[in-house]
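Undergrad: Letter by letter, the chains look like this.
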Amino acid sequence: MIIIDPRDNVATAIKDLGTGEQIYAKHGTIRLLRDIPFGHKIALQAIAKGEYVIKYGVPIGRATVTIDRGDHVHVHNVADITDEVRKGV
Amino acid sequence: MEFMGYRRPDGWVGVRNHVVVVSTVMCSSTVTRAIADATGTVPITHEAGCLELGPSRDHTERVLEGVVSHPNVGAALIVGLGCEQVKAESLAAAARGKPVRLLKVRDVGGTEHARKQGIELAQELLAEAAGAHREPAGLHELTLATQCGSSDTGSGLASNPVVGLLADKLVALGGSVLLGETASLYGAAGFMAKRAASHEVARRIIEITDVVEQYYARMGKSLTEANPTPGNIASGLTTLVEKSLGGVRKGGTTPIQGVVSAAEPLPSRASGLWIMDTSLGLGTHITTDMVTGGAQILAYTTGGGNPVGSALAPVIKVTATLSTLEAMADNMDFDASPVLLGGESLQECGERLFAEYVAVANGKLTRAEELGNGLFAIGQVPIA
Chain D
1 MIIIDPRDNV
11 ATAIKDLGTG
21 EQIYAKHGTI
31 RLLRDIPFGH
41 KIALQAIAKG
51 EYVIKYGVPI
61 GRATVTIDRG
71 DHVHVHNVAD
81 ITDEVRKGV
Chain G
1 MEFMGYRRPD
11 GWVGVRNHVV
21 VVSTVMCSST
31 VTRAIADATG
41 TVPITHEAGC
51 LELGPSRDHT
61 ERVLEGVVSH
71 PNVGAALIVG
81 LGCEQVKAES
91 LAAAARGKPV
101 RLLKVRDVGG
111 TEHARKQGIE
121 LAQELLAEAA
131 GAHREPAGLH
141 ELTLATQCGS
151 SDTGSGLASN
161 PVVGLLADKL
171 VALGGSVLLG
181 ETASLYGAAG
191 FMAKRAASHE
201 VARRIIEITD
211 VVEQYYARMG
221 KSLTEANPTP
231 GNIASGLTTL
241 VEKSLGGVRK
251 GGTTPIQGVV
261 SAAEPLPSRA
271 SGLWIMDTSL
281 GLGTHITTDM
291 VTGGAQILAY
301 TTGGGNPVGS
311 ALAPVIKVTA
321 TLSTLEAMAD
331 NMDFDASPVL
341 LGGESLQECG
351 ERLFAEYVAV
361 ANGKLTRAEE
371 LGNGLFAIGQ
381 VPIA
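Protein chains in written order, with our numbering: chain D, 1 to 89; chain G, 1 to 384.
With the rest of the complex left out, here is chain G (with noise of 0.2 Å):
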């Protein structure tokens, strides 16, 4: 099956054609603001970029340079200080073949040369990601990342497997779909090694759950102290485990072909579900991961409502609670309660799901596009 799509020099396809104006490191945020402010690109702030170690470093790197390389992206503009760890240079290596500049706040005079020197040039950018046009492109060449937040009952009933039935028919026509949040699926974790494609995979799913238990034992805590959390235990979630179970629907039902590490892209020629071992947090730092690992769309289920976007994504927040879709109308983009009220099977719901994922991947603005509630941040990965 075809959508339209912003093929780009990579070969990699985009639903989107965002212009992007990226700091290297939290040093030059103020300038990349102004400049975004200024011509309506998207700023790409951050609080990382310097002064990091192994893991965290090589990961802020990964989530840097799946910004620039990103298919959503048609052009970046790259604004460093000139002394941080984050190479300018090395991102824009990431563009690869997309229009791209650089600018270093120290080699131009300061932060008031630079944010008129940054203007210019995210004009320039403006202009050439302007010739970039939509084209046909296969379904399969699409990933869907899918999240979940605020959990209630209705996420695992319906919302979660609506996603999932989603999930599955792209899975089936050669696309790729990914499952992170590696502290929510901490307690399903046996059961989704059941269905990993080999004894590596299924070695591998149980292994970064391992690791989120020894950085909380260090603190001398369990997870399950703070999961499920008091909103999740007020809907009716019981457990970590039930919960667990019921977030990890969403995925669908296919075999787990491998683990990626937060923010990294899937090998070349990939498909199927994927589990992205995720940073611990806040939801916008799961969302940066997943999108920097080169999701072109998030579907994210949420019971008590959650308005959170991407800025580099288009967010389709699903809901099978109708308090939720009165009280946040105006964040919701789907509703699943006919699945849990009646009216409606779940294939039926799926079905819609799908026709909505290609709507939203050819152009159709999802309200958190609408409402500017793109966000972007980087959070910290568990470390063994």
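So that you can see chain D by itself, here it is in the shape it has in the complex (with noise of 0.2 Å):
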């Protein structure tokens, strides 16, 4: 898996990922809740409902509910901040 910026909650499956593996980043061992799928993300610390999910450094999204670490973020859990971010944040 890949963390593209220090400040990201979320990191990216470079391979297919499955439940109960293990992943290590600075935010210590996490296992992981679900199947991540190549390409897909996820949650390296809780992300409460809510709040910003950031990957690139930046928002890219919202938690619709809380997500547990580990979980896999995707358009289940996270909404487009499209309208709230065009213009700058």
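Treat the hints as calculated values from the structure; they're not laboratory data. Remember, predicted model here, so these are calculated numbers, not experimental data.
Every beta carbon over 10 Å from chain G, so not counted as near; a handful from chain D, in silico:
1. 6
2. 19
3. 22
4. 24
5. 31
6. 33
7. 48
8. 50
9. 69
From the structure, some residues in chain D lie toward chain G, with a derived Cβ separation under 8 Å:
10. 75
11. 78
12. 81
In this text, a Cβ means the ideal position worked out from N, Cα and C, and glycines have one as well.
Please dock the two separately framed chains into a single complex, following the hints provided.
TA: This is the structure:
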């Protein structure tokens, strides 16, 4: 998996990962709560409902439910924030 | 740094020496294709050229003038009907000293006569263009266009930053780079505005995305309803902001010098990174805008795999997705997958792409050129 920016709260899987596998980051050892396909995102820490999902060091979306550490982060638990950030944050 | 290119009478340098047959209007397309088929020249046909108003008309004229003036074009035959909005004589003026001929279907007795005369004229032009030879030119004289299609996570993590390194290197050498796809950079406009060289440029970056917002709002729609696409989502992209941030990485990291309209040439002596406010819609419309704006070569990143090139410019297809390298092996030019899978740093991969870019500038054919996949189409510019 890849963490693009130190401020990110998600990592990206660069191969298919399975439930129960562990990944290692400065956030400590993270046990995956679900299968994470290649290219999909993993929560490096718990992201509370309403908080930003951060990738590339900037907000890319907002959690619609509280996302647990090690969970899959995608359209089922993240809302787009284009209208909010298009003109700058 | 130098490469070997074709110096045109106006001083501009090309990386190819095409003879093109250009329709001024859709109505002369059949004759244009017949002439090109018979002579091995490049047909430029489209669905515009008449009954257009305002920004659409201006755009069509810029695109067609951009074909004739393009440095990769050594000579042009312009084929009109005779009553259309786009004037063959005006297009001929865009040749700026290159060999050019005019043919109007109505003036020469209809389709069959036009085809026969056109073949003779195209053969004359082929002979004249054959007199052009490659000579040393500077890489600073090149404009790189950047584009992406069928984006996946590998685009944002590997292919786009690798093209971004090529862009930064070309800018450091004094060249120019175009970043387009207004509807794709939409979600990152605020972040891009922070990189603008002036407040005015920052304002323009936001403004071109305001126009896109208004365009969809008139239909009662938002761009985010269609973007990211189902394919993007399946590959792991969650929001338009995420897709846009990954997409703009292909322009590199240098300050944004300005914003130009679709198919508008950069100001003379311009260099650095520029944003082009390209057409909405299909990739070929955007390719056509950036190439007719003067880019000699386009670097195209693709996740899922896209085979489409340009009628005028080499298109280097870059992917970091192994399954695409296998599924579309004869369409891909550059493998950026070692960045993701190990074996190569981003920097090393960027150097390898730079070497490929220079080889293509010197004449190495891209896959889309070998396969005859050079398309051309005039799109619709968003109107406020």
